[in-house]
Amino acid sequence: MKKKILIVDDSSTIRLQVTKVLTKAGFDVAQAEDGVEGADLIDRDEISLVLCDVNMPRMNGLSMLEHVKSQARHAGLPILMVTTEGQSRLIRRAKDAGAKGWIVKPISAEQLVATVQKFVPA
Amino acid sequence: MQSKIVDAIVRESVESLFGTQGVALTPAQSSGTFKVVAVVGFAGARVRGSLGLGATGISEDLVGADDIEDWISEMANQLLGRIGNRFAARGVEVELAVPMVLRGVELRVEHSSVLLTYPFRTNDGELCAWIDVRPFERLELAEHEAMPVSEGDVCLF
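Chains as they are written, first to last, in our numbering: chain A, 1 to 122; chain B, 1 to 157.
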């Protein structure tokens, strides 16, 4: 069975780009538009890895990360933050909350696939 | 705030961002009217302001997006992210708001002394960025320091 990657981003452009790249690399991809939808999908679906934007309406990525990681059953779920921002304070907050990485957009397709495969072999 | 430094940061950020998107930019005079505009606010302890990005005639083939409004919103977000990272490297941290997009037949940007504008011609029309930076008090940007991470970086914990 294919591993499922969840992309949480309010931009349909980014969701589409990431979905195309990861589907081609052999993954199933689920999409969420914000942290509320993302957290819901994580609860309901078999997700192997999450790529999560930071700046989103309703619930931002860092709040979603903290919410998800506050639940013991999601302790092992790798979450990578994918954002335009690179401020140390935000990176520290993500690391402290249990994120496995911080990716600054834009990222090449090859780099994205290689990074995902470090956590989830296709 | 030293406007020459801000000017250099914004110009370099616009050119590098659209370079990664395959959008060729040529500096040009702005007509000042656009069909789609994205605006993002920002604020920090020392400064606040907004960034706008307007476009006419961006081809869907060129940008590879089904939704031009979403594309320009994401571009404005990425542009302000780049600028914010460069401000942070000079000691000025800002937080970004969620972008807002306006669409119309002819959206007009009124030029003023507080706006820095960056008009470009593309193969399909016009693209213009503008930024309004308002410090709460006299603000000096520090010497440039290395950014903790920059665009395209993957930092694993």
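One should not assume that every hint holds.
Derived list of chain B stretches under chain A, where covered just means 3 residues or more per stretch with a C-beta under 8 Å from a C-beta of chain A [what the hints assert, rightly or not]:
1. 80-87
2. 113-123
3. 146-154
Only pairs whose alpha carbons sit at most 25 Å apart, straight line, appear in this in silico SDA-like list of lysine to any residue [said to hold, decoys possible]:
4. A:Lys24 with B:Gly152
5. A:Lys20 with B:Gly19
6. A:Lys24 with B:Val154
7. A:Lys95 with A:Asn60
8. A:Lys95 with B:Ala89
9. A:Lys4 with A:Arg89
10. A:Lys69 with B:Cys155
11. A:Lys100 with B:Ala146
12. A:Lys95 with B:Glu93
13. A:Lys69 with A:Asp34
14. A:Lys95 with B:Gly44
15. A:Lys118 with B:Leu156
16. B:Lys35 with B:Glu15
17. A:Lys3 with A:Ala75
18. A:Lys20 with B:Glu95
19. A:Lys100 with B:Val149
20. B:Lys35 with B:Leu25
21. B:Lys35 with B:Gly57
22. A:Lys2 with A:Ala30
23. A:Lys24 with B:Ala146
24. A:Lys4 with B:Arg11
25. A:Lys95 with B:Arg90
26. A:Lys20 with A:Leu77
27. A:Lys20 with B:Arg11
28. A:Lys24 with B:Thr26
29. A:Lys24 with B:Gly44
30. A:Lys100 with B:Val154
31. A:Lys100 with A:Arg89
32. A:Lys4 with B:Val154
33. A:Lys95 with A:Ala72
34. A:Lys24 with B:Gln21
35. A:Lys100 with B:Gly19
36. B:Lys35 with B:Lys4
37. A:Lys2 with A:Glu110
38. A:Lys95 with B:Gly19
39. A:Lys95 with B:Val154
40. A:Lys118 with B:Cys155
Everything labelled a hint here was simulated from the structure, so no lab data went into it.
The beta-carbon is built from N, C-alpha and C at its ideal position, and this holds for glycine as well.
Results for each hint:
no.: 1; hint: 80-87; result: holds (count 5)
no.: 2; hint: 113-123; result: violated (count 0)
no.: 3; hint: 146-154; result: holds (count 8)
no.: 4; hint: A:Lys24 with B:Gly152; result: 21 Å, holds
no.: 5; hint: A:Lys20 with B:Gly19; result: 21 Å, holds
no.: 6; hint: A:Lys24 with B:Val154; result: 21 Å, holds
no.: 7; hint: A:Lys95 with A:Asn60; result: 16 Å, holds
no.: 8; hint: A:Lys95 with B:Ala89; result: 20 Å, holds
no.: 9; hint: A:Lys4 with A:Arg89; result: 30 Å, violated
no.: 10; hint: A:Lys69 with B:Cys155; result: 19 Å, holds
no.: 11; hint: A:Lys100 with B:Ala146; result: 23 Å, holds
no.: 12; hint: A:Lys95 with B:Glu93; result: 19 Å, holds
no.: 13; hint: A:Lys69 with A:Asp34; result: 16 Å, holds
no.: 14; hint: A:Lys95 with B:Gly44; result: 22 Å, holds
no.: 15; hint: A:Lys118 with B:Leu156; result: 10 Å, holds
no.: 16; hint: B:Lys35 with B:Glu15; result: 21 Å, holds
no.: 17; hint: A:Lys3 with A:Ala75; result: 18 Å, holds
no.: 18; hint: A:Lys20 with B:Glu95; result: 30 Å, violated
no.: 19; hint: A:Lys100 with B:Val149; result: 15 Å, holds
no.: 20; hint: B:Lys35 with B:Leu25; result: 18 Å, holds
no.: 21; hint: B:Lys35 with B:Gly57; result: 8 Å, holds
no.: 22; hint: A:Lys2 with A:Ala30; result: 12 Å, holds
no.: 23; hint: A:Lys24 with B:Ala146; result: 35 Å, violated
no.: 24; hint: A:Lys4 with B:Arg11; result: 39 Å, violated
no.: 25; hint: A:Lys95 with B:Arg90; result: 23 Å, holds
no.: 26; hint: A:Lys20 with A:Leu77; result: 22 Å, holds
no.: 27; hint: A:Lys20 with B:Arg11; result: 31 Å, violated
no.: 28; hint: A:Lys24 with B:Thr26; result: 35 Å, violated
no.: 29; hint: A:Lys24 with B:Gly44; result: 41 Å, violated
no.: 30; hint: A:Lys100 with B:Val154; result: 11 Å, holds
no.: 31; hint: A:Lys100 with A:Arg89; result: 16 Å, holds
no.: 32; hint: A:Lys4 with B:Val154; result: 21 Å, holds
no.: 33; hint: A:Lys95 with A:Ala72; result: 17 Å, holds
no.: 34; hint: A:Lys24 with B:Gln21; result: 20 Å, holds
no.: 35; hint: A:Lys100 with B:Gly19; result: 29 Å, violated
no.: 36; hint: B:Lys35 with B:Lys4; result: 30 Å, violated
no.: 37; hint: A:Lys2 with A:Glu110; result: 19 Å, holds
no.: 38; hint: A:Lys95 with B:Gly19; result: 31 Å, violated
no.: 39; hint: A:Lys95 with B:Val154; result: 13 Å, holds
no.: 40; hint: A:Lys118 with B:Cys155; result: 13 Å, holds
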